[in-house]
Amino acid sequence: MKKMSMSYNNSRRSIILPLIIALSVITGVFIGTRMPGSAGDQSILLKPRADKLGRILDVIEAKYVDSVDREDLVEAAIPVMLHKLDPHSVYIPARDLTAMNEPLQGNFEGIGVTFNMITDTVMIISTIPGGPSDKVGIMAGDKIIWVGDSLVAGKNIPDDSVIGMLKGPRGTEVDVRVLRKGHAELIPFTIKRDKIPIYSVDVSYMVDDETGFIKINRFSLMTHNEFIEAMMKLRKEGMTKLIIDLRSNVGGVMEPAINIADEFLT
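Residues 1 to 266 (the numbering used here) are what the sequence shown spells out, left to right.
Since the hints were made in silico from the structure, they are not lab data. Predicted, not measured: the structure shown is a model, and the values here were computed from it. Glycine included, every Cβ here is placed at the ideal spot set by N, Cα and C. Heads up, a few of these hints could be off.
[Claimed, not checked] Label-pair ranges, simulated between beta-carbon atoms:
1) P93 / G137: 32 to 42 Å
2) D160 / P79: 16 to 26 Å
3) L53 / P169: 47 to 57 Å
[Stated by the list, open to error] SDA-like mimics (lysine to any residue), calculated; alpha carbons at most 20 Å apart, straight line:
4) K215 / K195
5) K84 / A62
6) K195 / L82
7) K236 / E255
8) K192 / T172
9) K52 / A62
10) K143 / Q105
11) K233 / T190
12) K233 / V253
13) K241 / F213
14) K143 / Y91
15) K52 / L73
16) K241 / H224
17) K155 / D194
18) K195 / E263
19) K135 / T190
20) K241 / F264
21) K155 / P129
22) K215 / I258
23) K241 / M222
24) K143 / L82
25) K181 / H224
26) K52 / L82
27) K233 / D245
28) K233 / D202
29) K215 / E263
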């Protein structure tokens, strides 16, 4: 009888003890979340591996002698962190994302020129044949002095600001005044913006009677279509062998690269 009582007590203890421990843990966590104190203290107690960077930013905002812009600090910190990774891990700020995506989309909307800033003046290097600027008579060597009501010559305006003035939705217009060699007065132009292609197939030609050559500088959404057009042209010229040049290719969208590979694997 005594043995049975001891066995029963041991069995009962083995059931109750884990319940007491579990209830203690739950009660402790509940009390910890309800205890008075700062939210930061609670986070540290309950989440020892919480966002350290976020807590540092909180301290800087609360205790640094000068006012700071939290977003600026984050933007400055992210590239430093990614620098510790491989060379292909980069951070693209939101303000640069559209410009970075344009070459991958295969087109953009603007006036269809390339330019350089020469002694604080926008110098037209070339116009895209058949593009908006070419149609109205803009020429290589022209210097853009005014864009709309804004003087852009001699103002140390950054390239991206000039690009922002010249680009815009398809069908909209922009007024420019250019200085052209041999003309004493500025020449006004009204340019209607349009969709401008960005080609990813640089060249395609026959190396010899049977070997074609295609150079691809990036993989954009339009690269596969450009590649097929180049292939059809070269086949008409007698191509039976092909060299694809990917030197200096900056990469881009995966799907067009897969589609090009499928042309030879299927």
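Numbered hints the structure breaks, given as an ascending list: 3, 4, 5, 6, 7, 10, 11, 12, 14, 17, 18, 21, 23, 24 and 25
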